[in-house]
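We have chain A already, so just place chains B and C on it with the hints.
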Amino acid sequence: MSAPVPAGPVAAVPAAGKPSSVPAAAAAGPVAASSVPIDAPASADPGVGEYQFGFSYPDKSVFRTRKGLDEEVVRAISELKEEPDWMLANRLRALAAFGKKPMPAWGADLSDIDFDEIVYYARPQDRPKGSWDELPEEIRETYRRIGVPEAERKFLAGVGAQYDSEIVYHSIRADLEKKGVIFCSPEVAVKEHPDLVRKYFGTVIPHNDNKFAALNTAVWSGGSFVYVPKGVKVDIPLQAYFRINSESFGQFERTLIIADEGSFVHYIEGCTAPVYATDSLHSAVVEIIALPGSRVRYSTIQNWSSDVYNLVTKRAVAYAGATMEWVDGNIGSKRTMKYPAVFLMGEGAHGEVLSIAFAGKGQEQDTGAKIIHAASNTSSTVTSKSISKDGGVASYRGMVKVGEGLRGIRSRVVCDALIVDPRSTSNTWPTMEVLSDDVAMEHEARVSKIGDEQLFYLQSRGLGEAEASAMIVNGFLDPLVKQLPMEYAVELNRLIELEMEGSVG
Amino acid sequence: MRDELNDIPRGAAAVRAAGAARLSALAEPEPWDEDWKRCAFQPAELTAFRPYGDGVRAEALPSSPGTDPDPSNPEPVASGTELAESPALRLVFERGRLATLELSDAARASGVRVEGLDVLDAAAAERLARFAVDSPDRADARAWAELSHGARILVPAGVGLEAPIVVEFLEGGEGAFAAPRLFLELGRNARAGLRARFRSAGAGSDADCAVAGGVVAELAEGSRLDGAILQSFSDGTPAYLRLDAALGANAVIVWREFHLGSSRVRARSSVRLEGEGARADLEGAWVLAEKQVADLGTVQRHLAPRTASDALYKGVVAPGGRSAFRGLIEVAKAASKTDAYLANRNLLLGPGARADSLPALAIGTNDVRCTHGSTTGRVDPAQVHYLETRGIPSAEARRLVADGFAGEIADRVPESMRDLVAAALAERMARAAAGGVHA
Amino acid sequence: MDLVIRNLRASVAGKPILRGIDLEIRAGSVAALMGPNGSGKSTLANVLMGHPAYAVESGSATLGGVDVLGLPPHERALLGLFLAFQYPVEIPGVTVAKFLKRAVEAREEASARAAGREYGGMDVSAYLRELRAAMDFMGVDRSFINRALNEGFSGGEKKRMEVLQMLMLKPRLALMDETDSGLDIDALKVVAAGANRLRGPDFGALVITHYNRILEHLKPDVVHVMYKGRIVVSGGPELVERLEGEGYDWVREEAAAAPAEIEALAAEASA
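Protein chains in written order, with the numbering used here: chain A, 6 to 510; chain B, 388 to 826; chain C, 16 to 286.
It is possible that some hints are incorrect.
Said to hold, decoys possible - Below, a list of computed lysine-lysine pairs in the DSS-like style, where the Cα atoms sit at most 25 Å apart:
#	chain 1	residue 1	chain 2	residue 2
1	A	K406	B	K424
2	A	K487	C	K113
3	B	K720	A	K366
4	B	K424	A	K375
5	B	K720	A	K339
6	A	K238	A	K204
These aren't lab readings, by the way, just hints derived from the structure by calculation.
Source: prediction; values computed, not measured.
Chain A extracted, bound-state conformation:
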């Protein structure tokens, strides 16, 4: 097992970088350098069917804050990032809101989270690199094992890679950069595109929206900033990879995507982490502004290890004629609470959420969608498919709201849940609030098991029960999986097959 992280303030011995950015009071202050490396955890060799990305490397972060959160820690993060005052003020305002906001009284069980035991900031290296070769060996190897450089070569327009708190690698195709597409870390954006950031940051998700959004706003680090100029269509996806390496760590990346009028962009995020004995927290905030006529697709495959609390706030505003699509796959984590939202602000706007959840042993996936129709002639569809297995709990929680005095609203929500064994649970908690009469609002939900007749049919063609079950489960997910980028679709199918192997008999 890993050595414990030194508790409390530890004398700062900056391993590299800019000592000047460490507060003078470091010895008693919140920043500690990880002079004590952390051993690789026991689970570095996952068995078949177990979490594939459970490996880790020694923690070699150059700076990390001590455990726990207070104003000093927030100021230290801001200072390390050399932020302007307005961002620090924003952080402190959010910290106060975080202290006041209650924990959600609904959803997944979060009672195990100990905010005092979490490290809120760990910087793995000094500066983001533009080439994989410049990265420290362990970090490079991590991303190689996840398959990032290969994917970048094959089918991505840009890549961001975050390791613990900081973006360690960033690239964007030169032709896109020439057209004015911006794809960088939010820290870089604060420095280089302050007007855009100030105009939009925190406008979709206010600093006090909910406890975890407030937490993120106070301690955010890393993430992505994307701006696509008017009329520019980014034909292949931009992708960010988020990786937690440290134990008992909180990753709080912040993503802001602005799609200017008539533009298109597809952004993909993937998440993995090592398996530790203690829990980590991932609490991101994603804000998307889809300006008139634009289209944004945001795809997530969340495959955190089984000790990560994944409590994420994702929200988009779609103006007239804009389309926002969330493709949200939740496979990993211990508990997830995430309800991607679309606020339809202008006529002709369309919102779509495709949600896939897989709740296995010890997992609680509390996911769903939120659609607010705030303009006439707007439409939305939500499609949710969930699988519960080995005692896992999958819950769909959704809200569709139609404001007052609107015309021509259409919304359709379909939730399909498959419960694989008698020990597992599926919940569906939808809310529809309809304040206008010129609407066509539909919601339906089904819960079932793997069909006996389907199973028998496939068995009668020579497939064993486990394989037949896996095939049916993959078929069940297929309409949504098709919406994923190919390599994720393949990965997901493979994962389900592995998961199903042990479940039958």
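Showing chains B and C alone in chain A's frame:
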């Protein structure tokens, strides 16, 4: 007598004590409480209403069947005859007092019993108190704590009543709090029909009281209850009506509820399918005119294998009206082979109408078939168009479609009660659709 | 491979359906199984394939000497048993190509294992060639390769798909459960041609049907008539004509006139 000496509450006193204990254990809902935030009144508001008072409690109900009501009571205004011509049992309460009690010879001969709640034997009181102990919210708990009147009706095992049981509750008196409760027990393989009506006594502000109560039904193995209730309180009467039913193996309940009165309604129908093979069919309809608010809900709780339930709740909302429907299908680990369905359909008549829908599933095992559906919208233009092509003017066609929407459930009410429901529905629809129906 | 059924009794939900079936289908032969509705024909097919809803009470069924009744359904399939379903189930999201590739692969692997050979893996391009050819032969549009199995297929398309799978999996013994029902004459010819294409010394079939039509194309070697869970009459193709002409009344009479022993057995089974 011995009980009194030992200071052990008996009859309704035990039930009230259980309700009071529950009341003190429950907190007032916060403003954001999901279960209350869509209701037009809060539990605390009911405390402004005073109980009917000691003298008119259920002890007035004679314990032996067939006994005439207290002669000191005034002449009843309601006879319940609109609900059925010659029922097995006719029971009318007016402002908490028993007004009519008639038990047919056939029913008496088969052993049907009617008892006042204050003379319940200890075992029956304990069974009823269990419902008070499980009361889900403060408004209902208060109704248990201040249980004002009602009766226990027992249909013995093996008895199949041809004629229905008819019960009328007329409540009224400015500032009064009425807490009526009917406790219906069906023995093994018993069969009975219940037609109940909840409405206002008196007129004007005298009719306006607050009501919280309803029906508790315990259905033993193989029994069947066909129930229908019509609620048509005055606009000024906040009303909270519940059905709490517990079903043994292979028992069946068919329940149809119509909320066609009161501007502030809350209703919950909760069915526990405790025995293997039990089945519940629930249906409800409501029509809301301007400034009327209804908060309705169902719970289909499957606790045993091979249980089935099917719920269909339809609401019509006029501009300025607001409805919320909340449904839950809950399947326990033990309840494999559950087959459950829930549908909520809301029809909005024009701009400014609001309907919320919260159909939920909580499924704890896999060998089940559980489905729900919810739709909200205007009248179907295709249906309107069809009628127009047959020569019916547009406004009339829209109204016809709207009438048909709510009428679907009314059509399934037993014949002798159907006219009453249809008339109440027509009256309320006329009010709701006064401004026309939009398509 | 011979299919040999001895005194097979089976029930569904406690209700006896098969009341002592004795039947042999020799390798290379095609047998027709006829009988009025409810006589247990489909039950026999499902019991042989191992449908979980049916309980075998007693008796045996061997394919090439192996008792299949104790095997899970997929192992029966890998032995060479095939059921063309009367009502093929829809499986959303599972494409024909994906499903059939795995089924063929599993069959090839099992055959190799049975022959003591090392399975070198599938020749995918050969498989696709064969699949396309079989689709063309069966009159199934090639676009069906990427459609979800049976989902949204018409009745006729489902039946063609069943026979297409049969062609690809090359069973030793096929149970065809009313594969002709609901087909127009062209589809019927194609389905029959599919079965005839497999005919040979290594292929046997039990063809369950109500109609003469398909048998005119399939030319069964032997015809069995089932009634109330038993085979009551067996004979040559001439039986088909008699049933076509006279219906089942004479079968009922013959069954009624059957030795008291049969009735006693039936009564015992239903008790």
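To see whether the hints hold, each was checked on the structure:
no.	hint	in the structure
1	A:K406 to B:K424	16 Å, holds
2	A:K487 to C:K113	14 Å, holds
3	B:K720 to A:K366	17 Å, holds
4	B:K424 to A:K375	19 Å, holds
5	B:K720 to A:K339	22 Å, holds
6	A:K238 to A:K204	23 Å, holds
Of the hints listed earlier, there is not a single one the structure fails to meet.
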